[in-house]
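K.L.:
Going down the list, the protein sequences come from chains A and B.
Under my numbering, the residue at position 44 of the first sequence is numbered 149, and the numbers go up by one with no gaps.
Under my numbering, the residue at position 74 of the second sequence is numbered 179, and the numbers go up by one with no gaps.
Keep in mind that a hint or two might mislead.
All copies of an identical chain are treated as equivalent in the list; a pair is satisfied when it fits inside any one copy or across any two copies.
[Unchecked claim] Derived DSS-like pairs: lysine-lysine, alpha-carbon spacing no greater than 30 Å straight-line:
hint	residue 1	residue 2
1	Lys321	Lys226
2	Lys301	Lys226
3	Lys205	Lys225
4	Lys205	Lys326
5	Lys225	Lys301
6	Lys352	Lys326
7	Lys309	Lys321
8	Lys205	Lys226
To be clear, the hints were calculated from the coordinates, so they are not data collected in a lab.
2 protein chains.
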Amino acid sequence: MGSTIRELSTEQGSSPFVVLVRPQMGENIGAAARAMLNFGLEHMRLVAPRDGWPNSSATALASGASGVLDHAGVFPDLGAALADCDYVYATTARSRDLVKPVLTPETAMAEARAMIASGKKVAVLFGPERAGLENDDVSHANAIITVPVNAEFYSLNLAQCVLLTAYEFARLGSDAPGMRLELAGADMATGIEVQKLGDHFEEKLEAAGFFHPPDKAPVMKLFLRNMYTRWSLTRGEVQALHGILRKLVRRD
Amino acid sequence: MGSTIRELSTEQGSSPFVVLVRPQMGENIGAAARAMLNFGLEHMRLVAPRDGWPNSSATALASGASGVLDHAGVFPDLGAALADCDYVYATTARSRDLVKPVLTPETAMAEARAMIASGKKVAVLFGPERAGLENDDVSHANAIITVPVNAEFYSLNLAQCVLLTAYEFARLGSDAPGMRLELAGADMATGIEVQKLGDHFEEKLEAAGFFHPPDKAPVMKLFLRNMYTRWSLTRGEVQALHGILRKLVRRD
Chain A
106 MGSTIRELST EQGSSPFVVL VRPQMGENIG AAARAMLNFG LEHMRLVAPR
156 DGWPNSSATA LASGASGVLD HAGVFPDLGA ALADCDYVYA TTARSRDLVK
206 PVLTPETAMA EARAMIASGK KVAVLFGPER AGLENDDVSH ANAIITVPVN
256 AEFYSLNLAQ CVLLTAYEFA RLGSDAPGMR LELAGADMAT GIEVQKLGDH
306 FEEKLEAAGF FHPPDKAPVM KLFLRNMYTR WSLTRGEVQA LHGILRKLVR
356 RD
Chain B
106 MGSTIRELST EQGSSPFVVL VRPQMGENIG AAARAMLNFG LEHMRLVAPR
156 DGWPNSSATA LASGASGVLD HAGVFPDLGA ALADCDYVYA TTARSRDLVK
206 PVLTPETAMA EARAMIASGK KVAVLFGPER AGLENDDVSH ANAIITVPVN
256 AEFYSLNLAQ CVLLTAYEFA RLGSDAPGMR LELAGADMAT GIEVQKLGDH
306 FEEKLEAAGF FHPPDKAPVM KLFLRNMYTR WSLTRGEVQA LHGILRKLVR
356 RD
């Protein structure tokens, strides 16, 4: 056991331990492993899994994420599973009589990142499918994580709770905010290309008598020029629009 | 259909439409409804569900969230489902050749909150379980949402994608930083208006022999449709483009 813990600890690197307390269905353990790995969490610990370990149902459902299960530590009780941990979060929906800080997944994972960055070992506890964590389990935790859900409807399953926690841990770590990858990568038209497109439009529209009445022409032209630039056209779109113009005005 | 849309629209209030495109398993539709309701999202739209509608498997799994299914709008195609929408996000993991803004769920839902707060109708598209959205589906969208996941492992199922999107929408809260507020304020064209503009272009370009050679026509049309939605046209711009088309093709 001790060796297992040491091995896992040195392994941990940069993500928290996901500790499943008395999990029941093997399928849910496998689903939790998948949820974790989607966001790069690889360190699972199991406390007294109901159907023993290893569990073929868990492995079957984890499929691509079975490596998480292969390296999972298995412990007889929560105390043993947390022996080497510096800080522990307990996920629970029910409000508790226990006096603990109650945090959102976002706040908790921000803390966890900071602690892990400074070399601490952090664990997040998830209870059995039906009952959830008991007070005895929660008493091992430094703080509580509660997902802020619809007061009138709560139905998150084990894998979904793990998913949201893992998502938050990964989200807070990604230095990339919501940027425009594909637009940034796209072959955007240059200013002169857009101006020439505007000239082409004006020429053809002028000939077609579009700018009428004459005193409205300036504001109409301004509207169109602004439109082309606001669209932030790609080079391909500019070419397409030139082609459209030529086609449409060609008199057969 | 029109009445369905009106009813849903006035209902929408303060959350985006979750649009399931060609969903397959009823169980997954039910699970998506549960995921939504956990975070207060109640407006689901279904496009051509494989096993028809209503679906007893969906209702059974939704249980406490079956009200979401009872009020879901069902549409024969994506165009009809988006007819009254002002802004559309497509969730897809694959990188696309289509040029669209690619956003994280966080950034996209912050934008969505800002737009909805200003009275806009926002939709988020989710593809079929296995294949996901096709390019034709994505071409209806103004922007793409991609969940930043582990590059070596991606296994989010339909309900989990819906869950993360709904979670972000709820997490951000109504006073979230609204990037792209100018979009929120602008008088944006609705989905049906942009579709009709695309129809008008196709009609005129067809007559002008623009779609040549014939075997290239589908990809040319997809390129153009994607272009119109990517531009996030205002109502004024749509009107201007209709006017331009009419003027240019009029034979004197």
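K.L.:
Each hint should be assessed against the structure and marked as holding or not.
P.N.:
Hint check results:
1. Lys321 x Lys226: neither (34 Å within a copy, 33 Å between copies)
2. Lys301 x Lys226: Classified as within: same-chain Cα gap 18 Å, cross-chain 36 Å, threshold 30 Å.
3. Lys205 x Lys225: within (20 Å within a copy, 41 Å between copies)
4. Lys205 x Lys326: both (16 Å within a copy, 27 Å between copies)
5. Lys225 x Lys301: Intra 19 Å, inter 34 Å, cutoff 30 Å: intra-copy only.
6. Lys352 x Lys326: Answer is both: 22 Å inside a copy and 15 Å across each meet the 30 Å cutoff.
7. Lys309 x Lys321: both (17 Å within a copy, 27 Å between copies)
8. Lys205 x Lys226: Only inside one copy: Lys205 and Lys226 sit 19 Å apart there, 41 Å across copies, limit 30 Å.
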